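Enquirer: Going down the list, the sequences are from chains L and B.
For the working numbering, add 13 to where a residue sits in the first sequence, where the first one is 1.
For the working numbering, add 4 to where a residue sits in the second sequence, where the first one is 1.
In case anyone wonders, no lab produced these hints; they're calculated from the structure.
Bear in mind that the values here come from a model prediction, so they are computed numbers and not experimental data.
Any given hint could turn out to be false.
As the list claims (entries may be wrong) - List of simulated lysine to aspartate or glutamate pairs, DMTMM-like, C-alpha gap at most 25 Å: (1) L:K285 - B:E248; (2) L:K74 - L:D40; (3) B:K24 - L:D40; (4) L:K285 - B:E285; (5) L:K285 - B:E190; (6) B:K24 - B:D88; (7) L:K285 - B:E48; (8) L:K224 - L:D193.
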Amino acid sequence: MAEPLLSVRGLRTHFETPEGTIRAVDDLDFDVFEGRTLGVVGESGCGKSVAARSVLGIVEKPGRVVGGRILLRTHAGDTLDLAALPQDSAAYRAIRGPEIALVFQEPMASFSQYYTIGNQITEAIRLHLRLSRSAARARAIELLDMVGVPQPSRRIDEYPFQLSGGLRQRVMIAMALACDPRILIADEPTTALDVTTQAQILDLLRELQAKRGLAIILITHDMGVIAEMAHDVAVMYLGRAVETGPVADIFAAPAHPYTRALLRSIPTVLAKPRTHLPTIAGSIPMPSARPAGCAFSPRCSEVLGDVCRQTEPPAIGEGARSVRCFLHGGAP
Amino acid sequence: MNADVILDVRGLRKFFPIRKGLLRRVVGNVRAVDRVSFFIRRGETLALVGESGCGKTTVSRCILRALTPTEGSVLFHHDGQTVDLAKLRRRALRPLRRHMQMVFQDPYASLNPRMVVGDIIGEPLLINGMRDRTERRARVQELMELVHLPASVMNRFPHAFSGGQRQRIGIARALALNPSLVVADEPVSALDVSVQAQILNLMLDLQDRLGLTYLFVAHDLSVVKHVSNRVAVMYVGRIVEVAETETLYASPLHPYTEALLSAAPAPVPGAVSSRIILEREIADPANPPPGCAFHPRCRYATARCREETPELAEIAPGRHVACLRAAELSLRGIGKAPAA
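Let the hints inform the model, and build the full structure from the sequences given.
Expert: Listed below in structure tokens is the structure:
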């Protein structure tokens, strides 16, 4: 496989709180390739959004990237370690937008209500590309058209509240693509949308990827969306990727007990009506009360004994596949 | 009508007036619910499905009389008597309320953060006259056991609980007065997958044990498949199709149901290819298109669909659909058809 555009190694993002250190992301590895989608999946508190924010350098206080490397291959061909850049530096600002852009979950909350969408898109364009007002406007209309906003030259002067949820998400994507980034991070981009609208947006993302060779990091809790969109998958649980691999392998032969249990517990339209679902015992611990050893061990049905409860399993793997579980070796 | 029907909704309408100008004159109506009819049998789960703004929540609120319907009747059969909930005065409703309870979507917003769990679950008992503290405590314990919460957490506040545990508290509170009908509005959509399964299983178990009847309001077709006996699909204020769950999924009769089923992402890689993508947006209930409200997005629409509004009609036993072309179309479903 080609060289990754983005390579994250041993990423640690911690939050210092009065109650102690919360290790929101702890020793996370993943790679992102041109023209491919990495699906990052996990339940609440698994650190998937914090991981995305760490890559973009927008971790909120008291959070901080405290370790690891975020290696980005830029347009210019250099390799930069983003983890070493201060979040508020000019160098990082030059990354956000032209190199890596973000699409948020809630399109209503991510726009200013007081400016037209045209205002907000052209602001981003003019900031980074130094175009004239009219050239930026023309570019914005072109972008809106590209993401399938009907009548873009009229819509550009509307305010966010005048648009439906699906259209707002399209505008959000247009804005993210304004500076021609190579990597797009989409954090639950369709969670707030209805299924039929979700289908439209997922289709749009796939189409843009095919046209522009975008690398997409898709963050979601929905295994259905992962199955549909991702080429590669990282399954996260309490701050770590417990399993990574190509999507077909993860679904056909999940190796980590958490992945297995998660896949079994998803309701599907293919089920027989009124059947019980297999469940995962217990609930997700608070991030401040992270269990020792393998964080999944208290809920795991295949726990091996004290080794799981005391030692953090290392990543074991060959090629693109990797798993953190003593069932697959690595026991001390 | 069948003797085993517990709730019979007929021609239900709920309009919200749109007011404009200095005099707040009514210039139009949002037809949130427009001539909705369905029934629920005792002990079954009817799922009311649709996308945001389709009116499913308004229907459930009209049934519980959190909203007063504009028109139509909601016949509730209880203790051999039939009452029309839509027409009762507030005071006359009160003694009936204990028989119909609600489980809410957001377990973070629906529990009073200043009350301990025992008081939250016990409050309906107190309000309905169970004044004795020990008696109440015993019943609360029983209810907590029913939803698999340890009695030891009775004196803790909601913030100490996870989303799944909070939803258990909400269910225990809803069951406190032995209701016969439980309206659950998106009860698992705010929960994580691994917890969602626990709550769905619990709801199925409780139904079997207590003979509950559920009206399950949801947007997620995979969740609905797991809990319901029958499904009613809504689009812009109207019911477009009702059928037994297995039948509806395997062979939908309304083009909207077909599109909804095909849009639901299945956890199977590479299964997308044959998806129907609906063009455009959901119609505005304040200004619905003439004829069938779905026609601007329907790939089977003809000139007739733009003019005539289809009524919900039973075209086969147990199969109701509101589509002018239902008899001639052959639509695609999901999974196998039920054995005949």
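Enquirer: State for each hint whether it applies.
Expert: Results for each hint:
no.: 1; hint: L:K285 - B:E248; in the structure: holds, 12 Å
no.: 2; hint: L:K74 - L:D40; in the structure: holds, 20 Å
no.: 3; hint: B:K24 - L:D40; in the structure: violated, 58 Å
no.: 4; hint: L:K285 - B:E285; in the structure: violated, 31 Å
no.: 5; hint: L:K285 - B:E190; in the structure: holds, 20 Å
no.: 6; hint: B:K24 - B:D88; in the structure: violated, 34 Å
no.: 7; hint: L:K285 - B:E48; in the structure: holds, 16 Å
no.: 8; hint: L:K224 - L:D193; in the structure: holds, 12 Å
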